[in-house]
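J.: The lines below spell out each chain.
Number of protein chains: 2
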Amino acid sequence: MLQEILRSIVERTDGAIASLLMGFDGFKVESFGPQDPSESPKDIEEIGIEFGVIVGNIRRAAQALQAGGTREVAILAEKMVTIIRVVNDDYFVALTMKPDGNPGKGRFMLRTAAPRLLKELS
Amino acid sequence: MLQEILRSIVERTDGAIASLLMGFDGFKVESFGPQDPSESPKDIEEIGIEFGVIVGNIRRAAQALQAGGTREVAILAEKMVTIIRVVNDDYFVALTMKPDGNPGKGRFMLRTAAPRLLKELS
Numbered sequence: 001m002l003q004e005i006l007r008s009i010v011e012r013t014d015g016a017i018a019s020l021l022m023g024f025d026g027f028k029v030e031s032f033g034p035q036d037p038s039e040s041p042k043d044i045e046e047i048g049i050e051f052g053v054i055v056g057n058i059r060r061a062a063q064a065l066q067a068g069g070t071r072e073v074a075i076l077a078e079k080m081v082t083i084i085r086v087v088n089d090d091y092f093v094a095l096t097m098k099p100d101g102n103p104g105k106g107r108f109m110l111r112t113a114a115p116r117l118l119k120e121l122s
Numbered sequence: 001m002l003q004e005i006l007r008s009i010v011e012r013t014d015g016a017i018a019s020l021l022m023g024f025d026g027f028k029v030e031s032f033g034p035q036d037p038s039e040s041p042k043d044i045e046e047i048g049i050e051f052g053v054i055v056g057n058i059r060r061a062a063q064a065l066q067a068g069g070t071r072e073v074a075i076l077a078e079k080m081v082t083i084i085r086v087v088n089d090d091y092f093v094a095l096t097m098k099p100d101g102n103p104g105k106g107r108f109m110l111r112t113a114a115p116r117l118l119k120e121l122s
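Chains A and B are the protein sequences, given in the same order. So that you can map any letter, position 41 of the first sequence is 41 in the numbering used here, and since no number is skipped, the others follow by simple counting. So that you can map any letter, position 104 of the second sequence is 104 in the numbering used here, and since no number is skipped, the others follow by simple counting.
None of these hints come from the bench; they were simulated from the model. Glycine residues also receive a C-beta, built at the ideal position from the N, C-alpha and C atoms. Treat each hint with caution, since some may be false.
To give an idea of the interface, some chain A residues facing chain B are shown, with a C-beta separation under 7 Å as derived from the structure [said to hold, decoys possible]:
id	residue
1	N57
2	I58
3	G69
4	V73
Taking lysine-lysine pairs in the BS3-like style, the calculated list, with each CA pair at most 25 Å apart, reads [said to hold, decoys possible]:
id	chain 1	residue 1	chain 2	residue 2
5	B	K79	B	K119
6	B	K98	A	K105
7	B	K105	B	K42
8	A	K105	B	K42
9	A	K105	B	K105
Non-contacting residues of chain A with respect to chain B, defined by C-beta distances greater than 12 Å in every case (computed) [claimed, not checked]:
id	residue
10	S8
11	F24
12	F51
13	P115
14	E120
My request is simple: use the sequences and hints to build the entire structure.
T.: Written out as structure tokens, the structure reads:
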């Protein structure tokens with residue numbers, strides 16, 4: 001079921017490459033894609049580990065800045081867009097996309113998937 | 001002129017609080033807002049310093065992941081949305097907004113302001 005949710009995020013977002021459910025401890029729970037490995041500069045797990053650490057730092061900084069809990073982080077780089085949605089204190093879901101994809105749709109898919117993923121995790 | 005550009009970003013974005021041009025070394029070049037200090041949980045300069053360090057880390061991670069140069073980072077927290085646009089290797093421009101603001105407009109304003117800021121800086 002986790003796999004199905006991650007698959008639907010990728011399949012229903014234009015330009016999506018891969019999706020991933022990971023713990024903030026860096027351990028992958030489940031992932032989907034890329035279906036064409038040439039689409040992704042690096043493995044989705046490697047991307048999750050790198051950016052997961054950074055989202056951990058952002059959560060601490062946002063708390064220090066009294067901005068409250070971090071909900072989402074989007075990173076637009078030249079060759080890849082990554083959107084990370086915080087599922088709960090322990091897990092996040094990430095989506096990588098091509099730079100010409102539809103990040104608005106990706107954000108929407110992650111936002112609606114997060115409670116369903118949480119339900120499967122508990 | 002820098003101040004004028006930063007002012008127009010805030011004034012033309014619904015829900016915007018403050019904007020800032022800062023070096024990745026953590027030194028503020030110029031800022032605008034907040035006009036109502038109660039709108040911002042922390043000073044825009046403090047926010048810039050905290051998130052500027054993080055964007056520096058993201059740039060290094062994106063390069064390591066072969067994703068190319070980082071163009072933009074958006075951080076959605078419970079009480080504040082922050083959008084950061086990389087101007088060049090040395091500078092970034094940041095915009096803070098209320099959570100119910102219009103981040104799409106904010107992104108557009110930063111994207112179009114970046115080359116104008118760069119021209120003023122050189």
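J.: Mind listing which of the numbered hints don't hold for this structure, in increasing order?
T.: Per hint list: 5, 8 and 12 violated.
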